[in-house]
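Participant: With the hints as a guide, dock the two chains, each given alone in a separate frame, to form the complex.
Quick note, the sequences are listed as chains A and B, same order. Numbering-wise, the first sequence is residues 1 to 309 according to my numbering. Numbering-wise, the second sequence is residues 1001 to 1386 according to my numbering.
If you are wondering where the hints come from, they were derived from the structure by calculation, not from laboratory data. Be a bit skeptical, because a hint or two may be false.
[Claimed, not checked] Now the in silico label distances, taken between C-beta atoms and shown as ranges:
| # | chain 1 | residue 1 | chain 2 | residue 2 | range |
| --- | --- | --- | --- | --- | --- |
| 1 | B | F1094 | A | T130 | 33 to 39 Å |
| 2 | A | A243 | B | Y1353 | 44 to 50 Å |
| 3 | B | V1269 | A | D165 | 50 to 56 Å |
| 4 | B | R1257 | A | K129 | 45 to 51 Å |
| 5 | A | A256 | B | P1070 | 38 to 44 Å |
Only a predicted model underlies this, so the values are computations on that prediction, with no experimental measurement involved. Here a beta-carbon is modelled for each residue, glycine too, at the ideal position from N, C-alpha and C.
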Amino acid sequence: MKKGLLILLLSVVTATLNIAGAQNMSDMRINEILVVNTDDFTDDYGNKSGWIELFNTSYGTVDIGGCYITNDPDNLTKYMIPRGDVLTKVKPRQHTLFWADSKPHRGTFHLNFSLENSGEILFISSDGKTIIDRIKIPHDLLAENVSYGRIRDGVNVMADKKNIDMSATWGVLSRTSPSTNNFGVDKEPPGMIFMKIDPYGVIMSFTAMFVVFLSLIILYLVFKNIGKYNIRISRKRAEKAAAGTKRVVPEEEASAEVFAAISMALHAFYEDNDSHDIENTILTIQKVTRNYSPWSSKIYTLRERPVKK
Amino acid sequence: MENKGIFSLLTDNLETFLQYTGFANATPGHILMILIGLLFIYLAIKKDWEPLLLIPIGFGIVIGNIPLFPGLSVGVYEEGSVLNILYQGVQKGFYPPLIFLGIGAMTDFSALISNPKLMLIGAAAQFGIFGAYAIALAAGFAPAEAGAIGIIGGADGPTAIFLSSRLAPDLMGAIAVSAYSYMALVPVIQPPIMRLLTTHKERLIRMKAPRAVSQTEKKLFPIIGFLLTAFIVPSGLPLLGMLFFGNLLKESGVTRRLAETARGPLIDVVTILIGVTVGCSTQADKFLQIKSVYIFMLGAGSFVIATSAGVLFVKLFNLFLKEGNKINPLIGNSGVSAVPDSARVSNNVGLEYDRTNYLLMHAMGPNVAGVIGSAVAAGILLGFLT
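Same shape as in the complex, but just chain B (with noise of 0.2 Å):
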């Protein structure tokens, strides 16, 4: 009798705690998105595609999608949890300003400086921001979620979030996954239009060496930079501020630490939390929905605008310039702020066709014009739809 009792007290218990168990709570959209997790997690480690992004946000994405029994208070939406106080820093924006400070803290803004002109490559790339705004209204999305979707052109991860979670939160989750995978494809994605919008003469440009850049001058830009920006976009302030604030504690000279802690461990930690909690928020029952698949097509679609937009705009300014001042189209690419990645992908393309045209240096400058000009778009687009 007693022996009885003690195996159906046994086979009670087993029987709850294999209710709470994955196994009886999995469905098949927990086990696709843990496949799309393994994905993310193989390109990193096998392909070497961003794995600083994609380790986080694959392993995050098989963190949250586990399957849980509801109120267990440990999942990524369930308030109180520990996921749900550390994804507090994307829901709230404040991780995406702290990644833009370290982002500041290692930029060296000295190509930029030397050529000024190529900030305008950075402004021209914008467009596939609004390109994409413009398709997804068409598409049926309210202008606020437009907006959200939009911002993945500015291939800019922390903006995009940051800008999702105030627009729209209930698709932050797919435009930050979104945003940072096209962002690890930009060398996939890129070179195909550079080709197609360039002919072979116009690859084998040669631009004029960047002039050196006094010390002055790179104390004077982050301050300058702010104060112009920050004047005509206010709302893009926390993005801005953060980003010149990095700045300055590397060019002041004075702040070695701060700038060292800044660029280092800080961004590290952020990036870590930035990156596994926005792979948690992929929840199957909050991501996998027809929207999701709408946000990705579209994301694709806003790079594909902006890498078009910077080469042509290239192409462009070239008929002003003149002889022995002219841009090689193939740094217009990096106009979108995927640091230093689009800026590689002009070099690399730039050497397919003479080995020895070094373009990394005056991509870099378009590339950060991309940033501050991603954080004003951002800033519109608060202004404009909150």
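Isolated chain A, as found in the complex (with noise of 0.2 Å):
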């Protein structure tokens, strides 16, 4: 029976674990794609051709060595990124280049096909069926060296709960932009846009100091719910252990400061009266165990003296 639990348990981490995998690789999104280049950015042996970028959407890297990018359907396992190259780790929130140009040999980042003929691109996941993401190449709105991308880098933006509304989550660029953000290349930092519309920090303050209270004022009315329903539950059971000693004594809630009197009227009693609290069944606020030490121990010092002969 516990075999059997433990074989499900382990099992379950398993399986657990090969989700894990899968969703690192589905946080990958096809981000901006360039059909004809004729004029922008050139590959490492000087060539100018079309380029799909990826975008790792999550927070953590994403190796990508093992999945498969094709521009047909029905062969996902056309370009397989090969696995071992240190480049295909994508770090947080970074892009990743691949050259459309059918000359695989030139390196992992090479594709075996080209982007003018395609229809479609898909990215698909490392067992060859799963797609991550797809995205049809609008040829009629792509000029040269014009390229097509995500408004915002990885974003879908939703039409419904299913949908994606394809016309506001992809865009014809303004500008291309391989390797980097399609989005807010050029924006400030947070808080120099939230200091333009709060120069002395005054909304940021009160805002603040409302979160801070609002979050202590929630503990507050928990915490006060919770310790009358405990006095309440405690009373219950004060006065039923009352009731089998026949007299009922109105019981009020004692403080720590009647504890701590009591206790100091003891250990005055107990000062003044040049008593100590040693023998057994004393009522005492006195440590009156005694810890077990090798040092104190009678047992050891039972030995018989070294005696010179």
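Facilitator: Given below as structure tokens:
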């Protein structure tokens, strides 16, 4: 029975880990494409060709080695991104660029197809089946050196709960931005934007103080009620216990001060009377237990003294 | 000929050696910083001002300001040096949550649970943070820098380090030293403000004794407290999570060993590391800037605002409380989260006016609420400014 449980637990853990791995890859998005490149970015070989930019939407590094990129929905494993290349590990919120130049022998980031004749680009998980992201190429919209990309990096704008609003998600970009953000390259830090609205920090102070108060007020209300409930419960218990002993004493919540006063009185009484409180059964506020220690144990002292002969 | 050669070799080597010594590389800035470090050590030993903080920081300042020949890979800012590796805990911000774990494991929230309205004082005192933020903005600091400076008013060293490492890493040394220095100076800064803002009659208010808190309530507090605060301010998660986790270790009753490690050896180790490395980070060339002077001034201002806000809030609160339930405004100062120093200050000032009026247990309520409040405030600043 125990073995069965252990196996079940291990299977759940393994399955969870597999799902977690798949989830990492599922954080990747096709972010921008350039179909006809005559006067744009050049690759390491000095050639200009179309490119596909992927974006890691997560806040953890994702290794895309073993995943696939294809332009053919009937052949999902057309180009496998080689495993073992450190460059396939895409850092959090970073981009990676693939050259669609039909020259895969030129390295990991050169695909075995070009974009001019492609209708769609698909990014496939390492299982070769799961489509992580796909985008149809609107050839009619794209002139030379004009890229098509997500308006906000990695973001899908949803039309409803299930469907993506493609026109709000993707668009022809005003300039190409390979390996950088499509949106907000020149964006100011949030603090500076906030300062324009609130140059003296007044709005910030009041908003923040409101949140601090809100947090602690909620905590106050919760614990006020828990305290009340707790007092009610302990009163009921005390009443029940008292009913068992026939004599019902009106209970009042004993405060810590009362206990402190009793303890102090006891302490003063024993000190004044020169009493000691080492006897058994005596009520005491002093520590009476003695911890065993080999240093004070008699066993270790009952040894013969060395005798000089 | 041979003798002359040996002599010249020796002279050359000695010259090179001299170039490497601190004497050849010393600047007035280094000497000034070393003197400041020694002053910290003096204050800790002679005056007993927060020795657990000032000794490591003071000695760290001395270590960090030994004039170095650059490129020896020993300085705190030289990548790969031992000090640099230890400094990562400050830079990456993983020491502060560990300190919070220890604080959680050593804090008894009973005072707060028995009288939850004291939490509001902890919230009011956070006004010091945002008051200093507004002043720093007016003084010309960028918003992120102003946020990092403002957090000094929370009187919480780990939180100050955590937030400044994210908002203004360049100012972290000055902010951390300022925060810890003013925390050590709580017994000096707060009493005059408390006396100024209260009447004699108010200082004599006797508060109702706190009720006994059940073990169940103590166990529930870290769980509910964490869920509520973290849901409201998720950006404060590292600090809030560790604080309440540490408290659960203490109160659960079944993880005594873990709690003892967290509040004992672990917090001691991290305190040593954080103190020394923060001290080291005050290398003269990075630290001695006009900005540091402003930071120290704003830090003092934030403490004054925080203390005043706490005391005045209690006075305002008392207007709505029935006779017998009133709060002594002398515990208002303890809303700043310098645990337990500010609570001790409340108690000592209270005893000056009534030798039988012990405020310590009452003051511990706002004091620990201040820890929660400052972590929440840090989360808000992170959320708004990054």
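Participant: Now, for every hint given, state plainly whether the structure supports it.
Facilitator: Quick rundown of the hints versus the structure:
1. F1094/B with T130/A: 33 to 39 Å: holds, 36 Å
2. A243/A with Y1353/B: 44 to 50 Å: Hint holds: Cβ distance 47 Å, inside 44 to 50 Å.
3. V1269/B with D165/A: 50 to 56 Å: holds, 53 Å
4. R1257/B with K129/A: 45 to 51 Å: Hint holds: Cβ distance 49 Å, inside 45 to 51 Å.
5. A256/A with P1070/B: 38 to 44 Å: The hint (38 to 44 Å, Cβ to Cβ) is violated, given that A256/A and P1070/B are roughly 60 Å apart.
Violated hints amount to a single one, hint 5; each of the other numbered hints is respected by the structure.
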